[in-house]
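Residues 0 to 132 (numbering that gives the first Met the number 0) are what the sequence shown spells out, left to right.
Don't read these hints as lab results, they were simulated from the structure. All values derive from a computational prediction rather than experimental measurement. Treat each hint with caution, since some may be false.
As the list claims (entries may be wrong) - Result set (SDA-like, lysine to any residue): computed pairs, CA atoms no more than 20 angstroms apart in a straight line: (1) K91 <-> V45; (2) K93 <-> E110; (3) K24 <-> P48; (4) K91 <-> T107; (5) K91 <-> P48; (6) K93 <-> E43; (7) K93 <-> M129; (8) K93 <-> G34; (9) K91 <-> E110; (10) K91 <-> A35; (11) K24 <-> E49; (12) K91 <-> T115; (13) K93 <-> E32; (14) K93 <-> R68; (15) K93 <-> H128; (16) K93 <-> A117; (17) K91 <-> T31; (18) K24 <-> A55; (19) K24 <-> Y67; (20) K93 <-> S78; (21) K91 <-> E132; (22) K93 <-> A35; (23) K93 <-> A64; (24) K93 <-> V82; (25) K91 <-> E43; (26) K24 <-> E43; (27) K93 <-> P121; (28) K93 <-> C52; (29) K91 <-> A127; (30) K91 <-> P121; (31) K93 <-> A126; (32) K24 <-> C52; (33) K93 <-> T31; (34) K93 <-> A60; (35) K24 <-> R68; (36) K24 <-> T106; (37) K91 <-> E118; (38) K24 <-> A64; (39) K24 <-> T107.
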Amino acid sequence: MNDSQLMAAARAVRDRAYVPYSNFKVGAAIRTESGAVYSGCNVENVAYPEGTCAEAGAIAAMAAAGEYRIAEVAVIADSPAPVPPCGGCRQKLKEFAAGDVRVTMATTAGETLTMTVAELLPGAFTAAHMEAE
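Go ahead and model the full structure; you've got the sequences and the hints to work with.
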């Protein structure tokens with residue numbers, strides 16, 4: 000799967016987002032090291048902040064399928080500039096992705112910005128921080 004196909008998967012799932020409060024649809028697609036693609040969309044809830052981000056939905060689908068290593072990420076939203084994952088999703092992505100994994104963020108108009116997981120979350124908290132000396 001190439002970059003444009005991964006973004007197309009994110010775009011397709013974005014259309015299914017449940018956003019009756021913000022009307023801000025986001026779609027995400029993850030390609031794993033095996034080549035499989037998992038997607039997710041944001042799902043809002045009237046009891047803020049109980050909604051689910053698109054990236055978190057894609058990660059949940061990936062884990063539900065028994066996969067745990069992200070190779071690439073695509074995120075798309077209808078915004079003036081590419082929208083980066085929120086802080087919580089950056090940490091979630093880091094849990095399953097090496098620092099050099101690319102995250103391509105796009106607008107529905109076609110503008111893109113690509114960063115690595117390490118660029119999005121410098122100084123990430125990892126399991127190594129919990130190891131006893």
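Hints, one by one, checked against the model:
1. Proposed proximity of K91 and V45 is contradicted: the alpha carbons are some 23 angstroms apart, above 20 angstroms.
2. Under the criterion of a C-alpha separation no larger than 20 angstroms, the hint pairing K93 with E110 is inconsistent with the structure, at around 24 angstroms.
3. Our distance criterion of 20 angstroms between C-alpha atoms is met by K24 and P48, whose separation comes to about 16 angstroms.
4. Taking the CA atoms of K91 and T107, the gap is near 24 angstroms; set against the 20 angstroms cutoff, the hint is violated.
5. Among the hinted pairs, K91 with P48 is consistent with the structure: their alpha-carbon atoms are about 17 angstroms apart, no more than 20 angstroms.
6. Annotation: proposed proximity of K93 to E43 is violated, straight-line Cα distance about 23 angstroms (limit 20 angstroms).
7. Taken as a hint, the K93 and M129 pair is honoured in the structure, with Cα atoms around 16 angstroms apart against an allowance of 20 angstroms.
8. Only pairs whose Cα atoms come within 20 angstroms are accepted, and K93 paired with G34 is accepted, the gap being roughly 18 angstroms.
9. About 25 angstroms separates the Cα atoms of K91 and E110, which puts this hinted pair outside 20 angstroms; it is violated.
10. Proximity of K91 to A35 is assessed by CA-CA distance (about 19 angstroms); at most 20 angstroms being required, the pair is judged to hold.
11. Simply put, K24 and E49 have alpha-carbon atoms about 16 angstroms apart, close enough for the 20 angstroms limit, and the pair holds.
12. Note on K91 and T115: the hinted pairing holds, with a Cα-Cα distance of about 14 angstroms set against a maximum of 20 angstroms.
13. Using a Cα cut-off of 20 angstroms, the hinted pair K93 and E32 holds, with the two alpha carbons roughly 15 angstroms apart.
14. For the proposed pair K93 and R68, the alpha carbon gap of about 10 angstroms is at most 20 angstroms, so the pair holds.
15. As the CA atoms of K93 and H128 are separated by approximately 14 angstroms, the hinted pair is consistent with the 20 angstroms bound.
16. Distance restraint check for K93 and A117: the Cα-Cα separation of roughly 8 angstroms lies within the 20 angstroms cut-off, and the hinted pair is therefore satisfied.
17. About 15 angstroms separates the Cα atoms of K91 and T31, which keeps this hinted pair within 20 angstroms; it holds.
18. A distance of roughly 14 angstroms separates the Cα atoms of K24 and A55; the hinted pair therefore holds under the 20 angstroms criterion.
19. The straight-line distance between the Cα atoms of K24 and Y67 is roughly 25 angstroms, outside the 20 angstroms bound, and the hint therefore fails.
20. Restraint check: the Cα-Cα separation between K93 and S78 comes to about 24 angstroms, which exceeds 20 angstroms; the hinted pair is violated.
21. For the proposed pair K91 and E132, the alpha carbon gap of about 25 angstroms is over 20 angstroms, so the pair is violated.
22. Distance restraint check for K93 and A35: the Cα-Cα separation of roughly 18 angstroms lies within the 20 angstroms cut-off, and the hinted pair is therefore satisfied.
23. Taking the CA atoms of K93 and A64, the gap is about 19 angstroms. The hint holds against a cut of 20 angstroms.
24. For the proposed pair K93 and V82, the alpha carbon gap of about 17 angstroms is at most 20 angstroms, so the pair holds.
25. Of the pairs offered as hints, the one joining K91 and E43 holds, with about 18 angstroms between alpha carbons and a cut-off of 20 angstroms not exceeded.
26. Among the hinted pairs, K24 with E43 is consistent with the structure: their alpha-carbon atoms are about 10 angstroms apart, no more than 20 angstroms.
27. At most 20 angstroms may separate the alpha-carbon atoms for a hinted pair to count; K93 and P121 meet this at roughly 10 angstroms.
28. As the CA atoms of K93 and C52 are separated by approximately 15 angstroms, the hinted pair is consistent with the 20 angstroms bound.
29. Of the pairs offered as hints, the one joining K91 and A127 holds, with about 16 angstroms between alpha carbons and a cut-off of 20 angstroms not exceeded.
30. The hinted pair formed by K91 and P121 meets the criterion: a straight-line CA distance of about 14 angstroms does not exceed 20 angstroms.
31. For the hint linking K93 to A126, the alpha-carbon distance of about 11 angstroms falls within 20 angstroms, and the restraint holds.
32. For the given pair, K24 sits about 10 angstroms from C52 by alpha-carbon distance, which is consistent with the 20 angstroms threshold.
33. In summary, the hint linking K93 to T31 is supported, as the alpha carbons are separated by about 13 angstroms, within the 20 angstroms threshold.
34. Taking the CA atoms of K93 and A60, the gap is near 16 angstroms; set against the 20 angstroms cutoff, the hint holds.
35. A distance of roughly 26 angstroms separates the Cα atoms of K24 and R68; the hinted pair therefore is violated under the 20 angstroms criterion.
36. Of the pairs offered as hints, the one joining K24 and T106 holds, with about 11 angstroms between alpha carbons and a cut-off of 20 angstroms not exceeded.
37. Between K91 and E118, the direct Cα distance comes to roughly 14 angstroms. Compliance with the 20 angstroms bound is thereby established for this hinted pair.
38. For the given pair, K24 sits about 24 angstroms from A64 by alpha-carbon distance, which is inconsistent with the 20 angstroms threshold.
39. A hinted pair counts as satisfied when its Cα atoms are at most 20 angstroms apart, and K24 with T107 qualifies at roughly 10 angstroms.
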